[in-house]
Structures are given as C-alpha cells and as structure tokens.
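Protein chains in written order, with the working numbering: chain P, 1 to 112; chain E, 1 to 117.
Careful, some of the hints might be misleading.
To be verified - If you only want the chain E side, here are some residues facing chain P, beta carbon under 8 Å, derived:
# : residue
1 : A14
2 : Q48
3 : G52
4 : R55
5 : R63
6 : F64
7 : Q106
8 : G111
Source of the hints: derived by calculation from the structure; they are not laboratory data.
For glycine and all other residues, C-beta sits at the position ideal for the given N, C-alpha and C.
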Amino acid sequence: GQNIDQPTEMTATEGAIVQINCTYQTSGFNGLFWYQQHAGEAPTFLSYNVLDGLEEKGRFSSFLSRSKGYSYLLLKELQMKDSASYLCAVRDRGDSWGKFQFGAGTQVVVTP
Amino acid sequence: DSGVTQTPKHLITATGQRVTLRCSPRSGDLSVYWYQQSLDQGLQFLIQYYNGEERAKGNILERFSAQQFPDLHSELNLSSLELGDSALYFCASSPSGTISRRDYEQYFGPGTRLTVT
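Sequences and hints are given; from them, build the entire structure.
Now the structure itself:
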C-alpha cells in the first residue's frame, strides 16, 4: 500500500520561498507528481519525478529521493496567485500500469 | 482551458439511481483517467484507460464502471448511488501515460459535481 504525508498548511510572504515536503511509503515506486489546485478548480500538473534529483521548471522545482521516500516542491518568488492547495501523488508499480495515491494536500497561503 | 471537456457540470439525483458522466480528452491524447474528490477523502484515483483498454485500477467501487470508446471519449457509470457518492468527479487525459516524461502530464477537465440526495 501507499501512505503519503504532507503538511496541512503553510503560510509565506509574497516574494519569499516556500518548500512543501512530501514523504511516502510504497510497495513499488513508479513516479511522483505534484499538482496545484485552486479552490473550486481542477488540479493542474506541475511536475513529475521518477529519478533522484532536482527538476526545475521556472519558479517551481521538485526534488526526489527514492531511498528516503521523500520529495519536496519548492516555490520561489511567491506571488499571490500561488495561494492554492498543492497535492503530492505517487504512482506505484503494480500489475498494471500502476495506480495513483494522493496526499491530502498542502494549503499554501501567500500574504502581502 | 485544458482542452478536456466533461459533461454535465452539475448533476443532482436521488439515492439508488444510476448516472453517466462523460469525458472527451484533449485532441490526440490516448489515456483517460477518472478521479473522485470529496471533502473527507481528498482526491482518489479511480481508473485509467488507454486507447480503449483498462490499464490501471484504483479505489473504484464495484457499483462504478467505466469505458473508453473508439473515438477515445470515456464514460463513468455510477449505479445504486449512495449519499457518500456525492463528490466532484474529474476526468484527465495524457498523450499515453507510460512512454516518455511528457506522457505523464495529465490535463484535467473542469469536473462534474454530483449531488446525491
């Protein structure tokens, strides 16, 4: 099975940096995803990591350590529009193409 | 606009009834995914189809079923509805879902809000 833990809420100031941690346990790992979801809207894909290391994409970066079952999403130069829920998800390596398990989400609040 | 369309946007029905949710993926995408999101359960993966065939199954109840048609649109059928089935149901699509990094980028539709009374 899979367990995914991420903080419930984080608050940061506009222009600052916030790091959202995600730890997971899985019987077979086949990739880790980060999604952004604004209230009342659909999730938006942010990143995908399958190998260890850092993936950078503009103001957002995602890191993965498979041996530690750990990932983080780094949001730089925070903007008010970054206030949203950030979901960490893991895909396992099952009999099929693998199912997804989502964390409960981290609500990021950006203040002026 | 992600390019993924879902109908209807809202659905209100009674317990015991059956409903069908429809999803049209982005042009060219072969994989379709279904998710359920409720306040107490968060986002739950239900099932994935690729080019008409089931490829991955999550926490989908036996009362629920899905299929993907030759034109690649997909339908999620929910039967014997219970109050607890009230949720937002999302469909997402991706190019294929296993081959390259880009294939894992899922694009979500706006969702169908189901209310069971």
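Results of checking the hints against the structure:
1. A14: violated, 25 Å
2. Q48: With a closest approach of 7 Å, the Q48 (chain E) hint holds.
3. G52: Violated, about 14 Å.
4. R55: Since the shortest Cβ distance to chain P is 4 Å, the answer is holds.
5. R63: Because about 19 Å separates R63 (chain E) from the closest Cβ in chain P, which is outside the 8 Å limit, the hint is violated.
6. F64: violated, 15 Å
7. Q106: Holds, because the Cβ-Cβ distance from Q106 (chain E) to chain P comes to roughly 5 Å (cut-off 8 Å).
8. G111: holds, 6 Å
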